[in-house]
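Residue numbers (the numbering used here), protein chains in the order written: chain V, 1 to 480; chain P, 1001 to 1436.
Because the hints were derived from the structure by calculation, they are not lab data.
No experiment lies behind these values; they were computed from the predicted model shown.
No residue lacks a Cβ here, since even glycine has one placed at the ideal position from N, Cα and C.
Please note that the accuracy of each hint is not assured.
Computed list of lysine-lysine pairs in DSS-like fashion (alpha-carbon distance at most 25 Å, straight line) [claimed, not checked]:
1) P:K1038 / V:K379
2) V:K373 / P:K1029
3) P:K1103 / P:K1038
Covered by chain P, according to a simulated footprint, are these stretches of chain V (three or more residues, beta-carbon under 8 Å) [claimed, not checked]:
4) 293-301
5) 357-366
What follows is the residue order along each chain.
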Amino acid sequence: MLTWLSLLFLALFSGAAFMLGKRRAVKTAGGAPRVLHSLPGYYGSYAALWAGAPAALLLLLGTTFGGRVEDAMLQAQRPAVVQSLDVDRQDVFFSDAQAIAQGIAPSEVTYEGELKAALDVKVAEARRIENLVRFSVLGLSGVLALSGFLLAFPRLSADFRARNRVEGWVGGLLMASSIAAVLTTLGIVLSLVWESWRFFQSISPIDFLFGTVWNPQIAMRADQVAAEGAFGAVPLFAGTFLIMLIAMAVAAPVGLYSAIYLSEYANRPVRSVIKPLLEVLAGVPTVVYGFFAALTVGPLFRAGFNALGATMVGGPLDGVGQYLMEVQNQMALVAGVVMGIMLIPFVSSLSDDIINAVPQSLRDGSYAMGATKSETVKKVVLPAALPGIMAAMLLAVSRAVGETMIVTMAAGLQAKLTVNPLDTVTTVTVQIVTLLTGDQEFDSPKTLSAFGLGLTLFVVTLGLNIIALRIVQKYREQYD
Amino acid sequence: MTDAAQPAVGSVRAPLTAQQVAMEARLKKRHRAETWFKAQGLAAIIVAMVFLVVLVGRIVGQGYSTFETHTLSVPVYLNPERIDTSDLEGVNYDYIVAEAMMKKLGVVDDDLGLVSGKVMDLTSRDLGFQLLNMLKADKSLIGKTITVTGPFKADADLYFKGEIKRSTPQEDRKLDDQQLNWLDQLKNDGSVKSGFNFAFFTHSDSTEPEQAGVLGAVVGSAMMLLITALIAVPMGVMAAVYLEEFAPKNRWTDVIEVNINNLAAVPSIVYGLLGLALFINWLHVPRSSPLVGGLVLALMALPTVIIATRSALKAVPPSIREAALGVGASKTQTVFHHVLPLAMPGVMTGAILSLAHALGETAPLLMIGMVSFVPGVPEGFTGAATVLPVQVFIWENASERAFHERTAAAIIVLLVFMIVMNAAAVILRRRFERRW
């Protein structure tokens, strides 16, 4: 609230600076704006920017990082009573002190005796620190606003290059925005690496990457944290790979063939109907596919396999029949097929672009030699488009590996090392979701392992994307 | 081709040479291959379309019945013996409603209260809440008979809609034969009315399926999308303007460019992990709030907005820039007065499409704690909220059958929003896009 008020006040001050700056510029020009270097508005903007921008930035930083600073200041001094507690309990103590200070409901922990006294002290300290931080930010931004204005205002004169200065500010803002994209990547990498590093301190990366038993729930108990093999991620990688293979088996042929049909055979009206419909399929949120998989495809497949099994029981394939009778909804096949459906428009639109990019002269040459359309496609167009199609497939694989909702809703939770598509498997993304939803203590290896999985996922998908981009870049110009 | 086509032209067909026979056969085979290949392509398209039709058809088929609901009107005698005026909140209104129902149905409660229990299983607790609110407003109603109208419990509603059938064996359905008889009786004496389910749009999530609605989720989605739009669109446009119009072509900008392309392909769940580590654990933004959700989705939408804006800027011909520079505009003026306004339709189309994509995103929101049960409209940008796709996820996990129907209905609402956004983008593109 206070921040909003001060921002409003700052905006008013900045507006006033604009008016004053503009007026001063006109005045120094002797009332004839033609002799000014820049349009009068630029002089006003220059003054307004100096008056408003640094202070606004400080306010923004203050609201974003103020909490961090308060935490650090409050926790700088830990009373002996508090230090005797576990690390987790210490955190609870400090967060409770802050909660009480801010009038929010604290945790259910009760404090007694010395601890209660320490808490009261810290509550008072938290209030003091909060006020200190808040008012120093406010005061400092007031000083910045005023001094910015006082610095800029006297400079305004007829031959001051106000436009160039203002454009410098604009350029800086634009550049800062483009750096935000880099900062996002940096943020992803740093947060994943940092949390994974904490995870790898209790579990060796070798055990994690090559262990074949995944059972983080058991490892929750303190005495079993280091239980060997509980964090072996190989079953998850295998499950992810299996579902990805099934998905690609559906998406690659259907997507590629529809792209070929659309770009080589279909006439204009058909294209203009089918392409938007494929876009609709591409725009459907993945949670909808998940719902479809869990409540339609799953029961359907199960009923189908059970019926098939029933016909086999008692025959020569009795064992297979018995097995099929037992098949459950949550099989790898269901998640894979639905994911394949999701990827069809992705594969098809990427391949369509690539096939269309093959120059017409190649086709014409082939037709002139007497080749039929399908021969042209198979012997000329597809070989020419092959690198691009490979890249499209790799991107689709990367999508399949990182896809979360379909597998969370339709695949199971049991980490099994199997290649049977009728069995239930789990994937990396499913485990990340399971580990991080619900109650979480943030320091347990169980929660941190999600970041280890996330890092693996990030590295794998990034690798696939980079390879795909490389392939496209390397072979693109060949036919231009 | 040599003389393969010749014989057909001549009026007298010369006998074919062995070579020609072989060629004819080969041609036939090639044409068969051609037909086969074309059929494969067509089959692929048909398969994709069948998937689309089945997907949409199934969801509409499962969900449309939610939009109809059945309400019951029952005269309730507010028995002064059962109502303690000093503690209105503590009165068992459900039982008072059940009494009225039993009277209407002509049955008497047994000593164990089994009959009243069965009756209570039919009507929503909403009726009881209505009585409480009426009494709070006006205590003089005690001792009078008033008529209240409210929804049935979800299972009874499903029976009226034909989803629970009498032909199912009694053990396999939630309602027994006696309850179904009562429902038929109520229907026959005209106290059951069917109508549009407005409650689905005016209620938020609830543990009772018949009272659960999408209002909280829709408002939550709107708030979150607002944050996403306010951050991702201006920042994305500015970044794209810089990269396309101002940046020198050097190693550093190449890095940024590759970076943005890669960011667009990072799995969404990784953004969730980033949000959890950065915004929640490090910056202490409140969990499951529209603010943190909007921030995460903004980071996710940023690369797509940048890519779309860049291609829109690229489409503006250089002659526009040269003309502006030629009459003395500065670089910045050229971009902001001429290039960007001309690229605006493309920019807006790209922005709307990436926001539509963000609207349907679920996975990163699960990471930042949005799976919690939120029974109301979010209280501000830092309060707990739920959004439409997550609501779908939560309801899909619920065991009651009535929730599955509602899940499909929530999906329909979500899809309608997405279709509106996509249609807006298409119209914008058709209307304002200029070909140079």
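Hint check against the structure, violated hint numbers in rising order: Hints 3 and 5 contradicted; others consistent.
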